[in-house]
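*Asks:* Sequence:
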Amino acid sequence: MARGLLAAAALLIGLLVGTLGAFLQASRSMVAGVAIPWGTVLVLIALVVLIRGAIEVADSRWAGWALFAGWLGATVLFASPMPWGALVISAGNRQMAYLIGGVILGAMAATIPSLARLRRPRA
Numbered sequence: 030m031a032r033g034l035l036a037a038a039a040l041l042i043g044l045l046v047g048t049l050g051a052f053l054q055a056s057r058s059m060v061a062g063v064a065i066p067w068g069t070v071l072v073l074i075a076l077v078v079l080i081r082g083a084i085e086v087a088d089s090r091w092a093g094w095a096l097f098a099g100w101l102g103a104t105v106l107f108a109s110p111m112p113w114g115a116l117v118i119s120a121g122n123r124q125m126a127y128l129i130g131g132v133i134l135g136a137m138a139a140t141i142p143s144l145a146r147l148r149r150p151r152a
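Under the numbering used here, the first residue of the sequence shown carries the number 30, and numbering increases by one thereafter.
Derived from the structure by calculation, the hints contain no laboratory data. Hints are not guaranteed to be accurate.
To be verified - Computed Cβ-Cβ distance ranges for the label pairs, DEER-style:
hint, residue 1, residue 2, range
1, M59, R146, 41 to 47 Å
2, R57, L106, 19 to 25 Å
3, M59, M125, 40 to 46 Å
4, P112, R148, 48 to 54 Å
5, L116, P150, 49 to 55 Å
6, R148, W113, 47 to 53 Å
7, I129, V63, 18 to 24 Å
8, G33, S58, 37 to 43 Å
9, R148, R57, 38 to 44 Å
10, L45, P142, 44 to 50 Å
11, L34, M59, 42 to 48 Å
12, R151, L45, 20 to 26 Å
13, A145, M59, 41 to 47 Å
Every residue gets a Cβ at the ideal spot worked out from N, C-alpha and C, and that includes glycine.
Produce the entire structure from the sequences given, and follow the hints as far as they go.
*Replies:* Right, dumping it as structure tokens:
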């Protein structure tokens, strides 16, 4: 039961990260005429750290996959046109980097087992 609660909590955290990330990913700063997409970088780093943290806390990849699924669900929702015509994640290069980078990094982070499982001797 504890594992199920951890997975449910991870799913909710993923939904929260996906929702906040949908709005934060558009943040950028101009430095010497070059746009630095700090919002995209910050959200992708947070996604990987939170997925790895969920896996370590739960000692199971299910929590990481649940968090990733929550992020992916919220991100897909905000990348789709809303009924009133609004689009939170538009179709620019920075947004595509956020979407594709998040899928690749999130899947990679969720695939690796917890450190405790990697250190266990095999029988």
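*Asks:* Hints first: check each against the structure and report whether it holds.
*Replies:* Quick rundown of the hints versus the structure:
Take M59 and R146: their Cβ atoms lie about 44 Å apart, and the range 41 to 47 Å holds. A hinted range of 19 to 25 Å for the beta carbons of R57 and L106 is consistent with their spacing of about 23 Å. As the Cβ distance of M59 to M125 is approximately 20 Å, the hint placing it in 40 to 46 Å is violated. For P112 and R148, the Cβ-Cβ distance of about 50 Å falls inside the hinted range of 48 to 54 Å, so the restraint holds.
Evaluation of the 49 to 55 Å hint for L116 and P150 yields a pass: the beta carbon distance comes to about 52 Å. Between R148 and W113 the beta carbon distance is about 52 Å. The supplied range of 47 to 53 Å therefore holds. Between I129 and V63 the C-beta distance comes to about 21 Å, which sits within the given range of 18 to 24 Å. Range check, G33 to S58: about 42 Å between beta-carbon atoms, so the 37 to 43 Å window is met.
For the pair R148 and R57, the beta carbons lie near 40 Å from each other, so the given range of 38 to 44 Å is met. For the pair L45 and P142, the supplied restraint of 44 to 50 Å is violated, since their beta-carbon distance comes to about 25 Å. Distance hint for L34 and M59: a CB-CB separation of about 44 Å, consistent with the stated range 42 to 48 Å. At about 37 Å, the CB distance of R151 to L45 disagrees with the hint of 20 to 26 Å.
The supplied range of 41 to 47 Å is met by A145 and M59, whose beta-carbon atoms lie about 44 Å from each other.
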